[in-house]
Amino acid sequence: MATSDLPRHQIIKILMAQPPEKAADAAIHIWEQMASHIITIIGEDGFNSLYARSLFLSQAKFPWLSTSSPTPNAVHRFDELKTSLEAQAPAQASEANSLLLVTFIEILASLIGAQLTSHILQLAWGINTGNSTNKEFQE
Amino acid sequence: MNEKLSMRCLATGVPGLDNLLGGGLPEFSFNVIAGAPGTGKTTLAHQIMFSLANADNRALFFTVLGEPALKMLRYQQQFSFFDINKINESIRFVNLSADLMDGSFDRVKARIEEEVKDYAPSLVFVDSFRSVVRSAKRGKQGVLELQRFVQRLGMQMMSWQATTILIGEYLPSESESSPVFTVADGILSLSQNLHHNSMVRKIQVVKIRGQAQAPGLHTFRISDRGIEVFPRVIIEQREVVESAGKLSMSEERVSMGTPGLDDMLGGGLPVGYSLLVVGPSGSGKTILATEFLAEGVRKGEPGVIAAFEKSPSQLLSTKLSSLVQTGKVGVIDTHSLDLSIDETLHDLIGMIDRMQAKRLVIDSLSGFELALAPEFSEDFRGSLYRMVAKLTGMGVTILMTSELEDRFTDLRFSPFGSAFLADAIIVQRYTEIGGQLKRVFSVVKVRGSEHSKDIRLFDIAEAGIVIGGTLAEYDGIMSGRAHRLPLTERMDN
Chain Y
1 MATSDLPRHQ
11 IIKILMAQPP
21 EKAADAAIHI
31 WEQMASHIIT
41 IIGEDGFNSL
51 YARSLFLSQA
61 KFPWLSTSSP
71 TPNAVHRFDE
81 LKTSLEAQAP
91 AQASEANSLL
101 LVTFIEILAS
111 LIGAQLTSHI
121 LQLAWGINTG
131 NSTNKEFQE
Chain Z
1001 MNEKLSMRCL
1011 ATGVPGLDNL
1021 LGGGLPEFSF
1031 NVIAGAPGTG
1041 KTTLAHQIMF
1051 SLANADNRAL
1061 FFTVLGEPAL
1071 KMLRYQQQFS
1081 FFDINKINES
1091 IRFVNLSADL
1101 MDGSFDRVKA
1111 RIEEEVKDYA
1121 PSLVFVDSFR
1131 SVVRSAKRGK
1141 QGVLELQRFV
1151 QRLGMQMMSW
1161 QATTILIGEY
1171 LPSESESSPV
1181 FTVADGILSL
1191 SQNLHHNSMV
1201 RKIQVVKIRG
1211 QAQAPGLHTF
1221 RISDRGIEVF
1231 PRVIIEQREV
1241 VESAGKLSMS
1251 EERVSMGTPG
1261 LDDMLGGGLP
1271 VGYSLLVVGP
1281 SGSGKTILAT
1291 EFLAEGVRKG
1301 EPGVIAAFEK
1311 SPSQLLSTKL
1321 SSLVQTGKVG
1331 VIDTHSLDLS
1341 IDETLHDLIG
1351 MIDRMQAKRL
1361 VIDSLSGFEL
1371 ALAPEFSEDF
1381 RGSLYRMVAK
1391 LTGMGVTILM
1401 TSELEDRFTD
1411 LRFSPFGSAF
1421 LADAIIVQRY
1431 TEIGGQLKRV
1441 FSVVKVRGSE
1451 HSKDIRLFDI
1461 AEAGIVIGGT
1471 LAEYDGIMSG
1481 RAHRLPLTER
1491 MDN
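Here the protein sequences line up with chains Y and Z, keeping their order.
Under the numbering used here, residue 139 is the last one in the first sequence; the count climbs by one each step, no gaps.
Under the numbering used here, residue 1493 is the last one in the second sequence; the count climbs by one each step, no gaps.
In short, the hints are calculated from the structure, not lab data.
Please read all numbers here as calculations on a predicted model, not as lab measurements.
A hint or two may mislead.
[As the list claims (entries may be wrong)] To give an idea of the interface, some chain Y residues facing chain Z are shown, with a C-beta separation under 7 Å as derived from the structure:
{"#": "1", "residue": "GLU44"}
{"#": "2", "residue": "GLY46"}
{"#": "3", "residue": "ASN48"}
{"#": "4", "residue": "GLN115"}
{"#": "5", "residue": "LEU116"}
{"#": "6", "residue": "HIS119"}
[Said to hold, decoys possible] FRET-style restraints, in silico, Cβ to Cβ:
{"#": "7", "chain 1": "Z", "residue 1": "GLN1356", "chain 2": "Y", "residue 2": "SER36", "range": "53 to 59 Å"}
{"#": "8", "chain 1": "Z", "residue 1": "ARG1209", "chain 2": "Y", "residue 2": "ARG53", "range": "45 to 51 Å"}
{"#": "9", "chain 1": "Z", "residue 1": "ARG1209", "chain 2": "Y", "residue 2": "GLN10", "range": "24 to 30 Å"}
{"#": "10", "chain 1": "Y", "residue 1": "LEU111", "chain 2": "Z", "residue 2": "ARG1209", "range": "35 to 41 Å"}
Idealized CB from N, CA, C, for every residue including glycine.
Starting from the given sequences, assemble the full structure and let the hints guide the process.
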C-alpha cells in the first residue's frame, strides 16, 4: 500500500482542502490544533524534536521551508512556517504543508505506533475515524 | 452514628501486590514508588493506572523531566496492559516540564491543580517526582518548603478525592531523610539485587498507613504482561500449630505404588507428610517418585511434578510422560536459572489448586537449588522449610528427591542438612556384595509412626521397583562394603 493511500493522509488532504487564498492560515490552524494536543502528551521538547526532523526531511523537496524550530511561545510557534508558506503559490504551499504534516505524523507513528497516533489525531482534529476509515487508520 | 470509617482498597491489578499491601491501595492515599533507575517504577505505575482507570475513575499522569513521554509511550506500549483506547478517554498524559523551568513549587502546584480541576481524576501520577524536587533545589527552595509543598499537594489531592502515586528515583539511603517519605501514606520500594552475575528484582512495602502490609522483601518479575509479585511465604504461628496438630492426628495414609513399601512405612505415607528420598545418581529416586504419582492417578489423586533435572520433553520414563499426557499429572516448567523460591512456590500452589492435586514431587532438591538465583541458594534450607510447611499445610503429600554421592565414612541424608524438615526419609545406596554392586534402601524415619528398620535389597525391573529381601546376615551395608556376619552372629539375628 502506497503511503499516500493511508487514511491519515486522506484526512490531511481533506483538512487541506481550503480556498487557495486561505491556504497558509488553514495550514497553521491544522498545526496549532495538533501541536496543542501532542505537546500536552509528549511535551514541548518532544514536539520540537519531531517538528525539526520533519522540516529537515521535507526540505529535500521544498528547500524554501523555514529551518528554525518553532518558538516555545504558543502564539508565535508557527510564524516562520506561515511566512514560508505565504511566500509561495497556494498550490505549492498546500503541497509542501501536506508533505510536512505527513512526515511529522509518520515519524510520530513510527515511535508510538499508528494506533496511538491516530487516537491523538482524532482528538486534535475532532475527526471521527470510527467508521471503515478507522480500521485502516489504525493499521 | 458510631460506625468507624471503613477504608476502601483499590485492587492494583498487579498480581500478588495486593497481598503485600494488605488488601490493596487505600483509596485517596498519597503514595510513593521509589527505586533506582531500571527497577520498574514507571511500569508498576502504568500497570496500576491501566488496571484502575475507567470512565468513572479517570487517571492523570504527569510526566516531568525524567523519561521523555515520547519514549515512555513507545516502550510502555510493549506491555499487554497498555490499552490505547483508554488514552484520553480515561487516562490523560500531561507534561509538566515547562512549569518546572523556573523551579517554583507554586507554579507546579497550580498547574497540577488546574489539570485536576479540569479532568477530575480519581488517580493522579507524577513521574518523576524526583525531578520536581531537584528543580526546586536549583530554585534554592529549602527542605521546609519542599515538605510544605508535598504536604499541601497531598492534602489537595485527598480533597479532590484522588489516589496519588508519586514516582521517584530514590535510593534506600535517602528514603529516611526525604520529606516526601514522611508525608506519604504508602511507600513502595523497588530494587534490583545483584548477586554474582544474576539479578533478582525485589519489592518492599516500606510503609502503608492503616493496613498491615506483608513485611520484608518480596521478589517480582517483569514480563511482557507487566509486573508479577511473588509474596514471600511467611509461616504463621497458627499454621505451624495446625500443621503439627494435623500430623499427630493424621490417620490417613497414601500408598506409594511400590509393592511392599507401604508396609515398610507402617501402612503407607501419612497424608500431608514430606518424604525425602536420598540416594546417589541412578539409584532409582525418580522411578520411586514416578510410581508415587502413578499410584495417585490410579487412586484418583492428581499429582504435580516440579522436574528440575530434566525438561518436560526429556522426562526420563515413558511412564511419567504418559501420566503427564493424561492430564492427571501437571508439570512445572523450571527452565529459568534465576528463580526465587517464592516464584516456584507460587507456580506450584497455582497448579496444585487448579488440578486439585494431592501429591507433589520435587525432583530433585539438588536441581532446584541450581535453578535458583545464587542469592537464594544461600538460604536454601530456610526457604525450603517455609515452602514445605506451606505445601504440607495445604494437605499435599510431598516426595522430594535429593542426590547424595555415596560416602562410605559417614551417614548423611541430604547435602543441605535439610533432612530435619522431612517427616519421612528413605535412603538408597549402592553396596558391594559378592562382587556385585547392589542397590539397597532403608526407611530411616517416619515421624510419629512405626516403620521398618530393615535394610532391603531392591532392583529396578521393567515394571518398576522390586523390593528384595533383608540383609540380616550382613553388616556394614551402609558403608558400601557389606560383610557377611560370622555364622554365630547370623543365628542370633
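Structure-based check of each hint:
no.: 1; hint: GLU44; result: holds (6 Å)
no.: 2; hint: GLY46; result: holds (4 Å)
no.: 3; hint: ASN48; result: violated (11 Å)
no.: 4; hint: GLN115; result: holds (5 Å)
no.: 5; hint: LEU116; result: holds (5 Å)
no.: 6; hint: HIS119; result: holds (6 Å)
no.: 7; hint: Z:GLN1356 x Y:SER36: 53 to 59 Å; result: holds (58 Å)
no.: 8; hint: Z:ARG1209 x Y:ARG53: 45 to 51 Å; result: holds (47 Å)
no.: 9; hint: Z:ARG1209 x Y:GLN10: 24 to 30 Å; result: violated (54 Å)
no.: 10; hint: Y:LEU111 x Z:ARG1209: 35 to 41 Å; result: holds (40 Å)
Consistency with the previously given hints fails for numbers 3 and 9, ordered from lowest to highest.
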